[in-house]
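So the sequences go chain by chain: A and B.
Residue 1 is where the first sequence starts when you use the UniProt record's numbering, and the numbers rise one by one after that.
Residue 1 is where the second sequence starts when you use the UniProt record's numbering, and the numbers rise one by one after that.
Among the hints, a few may not be true.
Unchecked claim - On the chain A side, residues computed to face chain B include the following (Cβ under 10 angstroms):
1. Ser95
2. Tyr103
3. Gly156
4. Asp243
5. Pro325
Please keep in mind that the hints were generated in silico from the structure rather than gathered at the bench.
Just so it is clear, CB atoms sit at the ideal spot from N, CA and C, and this is done for glycine as well.
Protein chains: 2
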Amino acid sequence: MAEKKLGAQTVKFQNPPSIIATATVVGPVEGKGPLRNYFDLILGDFKFQEKSWEKAEKKMLKEAVEIAVKKSGIPSDKIEYFIAGDLLNQIISASFAARELGYPFLGIYGACSTVAEGLGIGAMLVDGGYADNIVMGTSSHFCSAERQYRFPLELGNQRPPTAQRTVTGAGAAVISTKNQNPRITYVTTGKVIDMGAVDPNDMGSAMAPAAVDTIVMHLEDSKRTPEDYDLIVTGDLASVGKDLAQKLMLQNGIDVSNKYTDCGLLIYSPEQDVHAGGSGCACAAVVTFGYIFKEMQKGRYNKILLVATGALMNSTVVQQGETIPCIAHAVALENL
Amino acid sequence: MAEKKLGAQTVKFQNPPSIIATATVVGPVEGKGPLRNYFDLILGDFKFQEKSWEKAEKKMLKEAVEIAVKKSGIPSDKIEYFIAGDLLNQIISASFAARELGYPFLGIYGACSTVAEGLGIGAMLVDGGYADNIVMGTSSHFCSAERQYRFPLELGNQRPPTAQRTVTGAGAAVISTKNQNPRITYVTTGKVIDMGAVDPNDMGSAMAPAAVDTIVMHLEDSKRTPEDYDLIVTGDLASVGKDLAQKLMLQNGIDVSNKYTDCGLLIYSPEQDVHAGGSGCACAAVVTFGYIFKEMQKGRYNKILLVATGALMNSTVVQQGETIPCIAHAVALENL
Chain A
1 MAEKKLGAQT VKFQNPPSII ATATVVGPVE GKGPLRNYFD LILGDFKFQE
51 KSWEKAEKKM LKEAVEIAVK KSGIPSDKIE YFIAGDLLNQ IISASFAARE
101 LGYPFLGIYG ACSTVAEGLG IGAMLVDGGY ADNIVMGTSS HFCSAERQYR
151 FPLELGNQRP PTAQRTVTGA GAAVISTKNQ NPRITYVTTG KVIDMGAVDP
201 NDMGSAMAPA AVDTIVMHLE DSKRTPEDYD LIVTGDLASV GKDLAQKLML
251 QNGIDVSNKY TDCGLLIYSP EQDVHAGGSG CACAAVVTFG YIFKEMQKGR
301 YNKILLVATG ALMNSTVVQQ GETIPCIAHA VALENL
Chain B
1 MAEKKLGAQT VKFQNPPSII ATATVVGPVE GKGPLRNYFD LILGDFKFQE
51 KSWEKAEKKM LKEAVEIAVK KSGIPSDKIE YFIAGDLLNQ IISASFAARE
101 LGYPFLGIYG ACSTVAEGLG IGAMLVDGGY ADNIVMGTSS HFCSAERQYR
151 FPLELGNQRP PTAQRTVTGA GAAVISTKNQ NPRITYVTTG KVIDMGAVDP
201 NDMGSAMAPA AVDTIVMHLE DSKRTPEDYD LIVTGDLASV GKDLAQKLML
251 QNGIDVSNKY TDCGLLIYSP EQDVHAGGSG CACAAVVTFG YIFKEMQKGR
301 YNKILLVATG ALMNSTVVQQ GETIPCIAHA VALENL
C-alpha cells in the first residue's frame, strides 16, 4: 500500500483506486447538447419539481449520488465518506444533499476544480486504507450561479462573447478498492495562480495559466509527456481560455494540439447560444463522468489527464477590486 | 503504515501524525479574554492595516500559517499541502491566503468544524504517506461574518442572549511525520444532523445534536469512554449549546460533566459582552492551537477529544425557510 510522493505536487498510487460507477444529471440546455446520450437523467426544466433553483441544484446532486451508488452495487451503508462541494455560498448544495444522504461528510471547495479535488482526496483516502468505498459529487446550476455571482436573471443582462454558461447539472462517482477499470493513477494538486485577471465575464482567460501550471508540474513530477495520454482535458476554459492555455503550453515547450480538449467546449454545440462555452462545477463533472468515463469503459480512451480548473473569487472581492485567484487540479484516469 | 477503519466513522492511526507547531492570531476582544497569554499575535483593531475586514481576515490567516511554519522549523518549500477553509462565501480568506503562501492548496468547507475537518484530512494524508509536512489553517472575523450572515454592523442591531460572537482570529498547525507530541490518534468524521432548528441567532442549540452524535459514534467506534480523555472539548456550542449537549449526552448514557468544556465558553470571560459565547471557525482553532496545544506540551493535558461543530447554512436558505443542517468532526489529540 506504499505510495510515493514523486515531486512537489504529484502523488502516484501504487494500488490505483478504481472509479467503479458514475452518474450524471443535467439541465435542459445540456440535454440538447452533443453529449446528451451520455447522461443518466436530463431535466425538462430548471426547477426539478422544487420551489427554488437552489433546491433544484441540491436535488440534482442527491440524485446523481444515489444513481452512482446504485450502479456501483455497493450497499449504501458501505459508503464510508461523501466528499462534495459546489459553487453556492457555504456549499449548500453539498451540505443539504449530505443531510439527506446520511453519509459521513467532508465538504470541499475548489470552485469548478471541485471534481478533481474530490477525486484526488477520495483516491488518497481509499488508497491510504481509510475507506473501501467513497462517493464524491459536485453540482452547479445556471440560474443559482448567475444570481449569486453576477446579476438577477430577471434583469435580462447581455453577456459578452467571452462569458461562459454555468452548466446545470451534477456528477457523482464511486471510488473503490475494487479491482476494476478505470483507475485513478496520479493526482497533482494545484497551487493558486493569479495573473491579474479582473473580468468576471472572462473566466477562461483567468483560469488558463493555472491549468498550464498544473499540467507542467504534472508532466515534470510524473516524468510523462503528452504522448503518454490519449487526451488531456481541461475543466472549463471554453473557447477563449483553451486557446490561451494552448499558447501558454507551447511557450513551455509542450505541444498538446493534437490531443487537447476542454469540457466547456464539449458540452455544448456551437449552435447553442452559450457564448464561449460551458463552466461551473458540473461542467468538468458531467463531461468526465458521462462522456469520458463511458468512452474509457468502451476502450476508446485508455489514458486521460483531467485538469479541472476553478476561479476562487466571490462577489465581495470583485467589488473590492481584487484580481481573480485560480487553481487547477489534475487527475490521471487509466485503464490498466 | 497500515491503518484500521474501526467503525462506520472513525479512523485509528497506527503511526499517529504529530502536530509539531501551531500559531494563533486574534482580534482585540479575544486579546482581552482569559486566554490572551496563549496567543501569538493580538491585533489592536479589526482592520490589521488593511482596507476591509475581508482583507484583514485573509491577512490573519496568512500570518498564522507563516508563524506556524516558522515555529515548526520545516523549510517553507517542504510544506507539501495547505489545507484551509473559512466562513466567507467561496472561502476567500483561505483561497487568497493560499495565493500568497504558494503551497499546493486543498480548500475545505465545514463552517466552524473546519479545524477538525482539516486536521482529519491532513492527518490521513500524512499517515497515508502522501506528504511529510502539511499546514492547515482556518479563520473567522466578527465583522466580515456579521455582515455576510446577519446584518450590516452599521445598523447596530440588538442580538438576543442566545446569540454568539464570531471570534476574530486565525489558527494554523503543521502536521508532520516527525516523532513528536502531541499526536493525532483518531479521527471521527461526522454526518450532517438537522433537528429542525431555524434560529440563526441560536447556533449552539442547532449544533449540539451533531456534537453529541459524533461523540457517541467516536466512543462506540474506538471502544473508549469519557474516562479515556482528560478533556472533551466541543467547538463552539457556547453556554446554551453546551448545556443542551450535556443533557443529550446524559440521555445517551454518557456522563461527561466533570471533563467537558467548550471553546466558545473558554475564549471570553463572562464580563465581556458576548452573549452566549464565541463561535466561528477561529473559535475552536485558536483555543485548540493556543490553549489546548500549549497545555498539552506542558503535560497538563495528555488526552483531548476535540469535537468541532459547524452550522452548514447560508443566508439564502434561511430566507427560503430551510432548517439548519449541522456537523461535527472529532479529533483525538494525545501525548504518547
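Starting from the hint list further up, note which numbers the structure goes against and sort them upward. Numbers 3, 4, in rising order.
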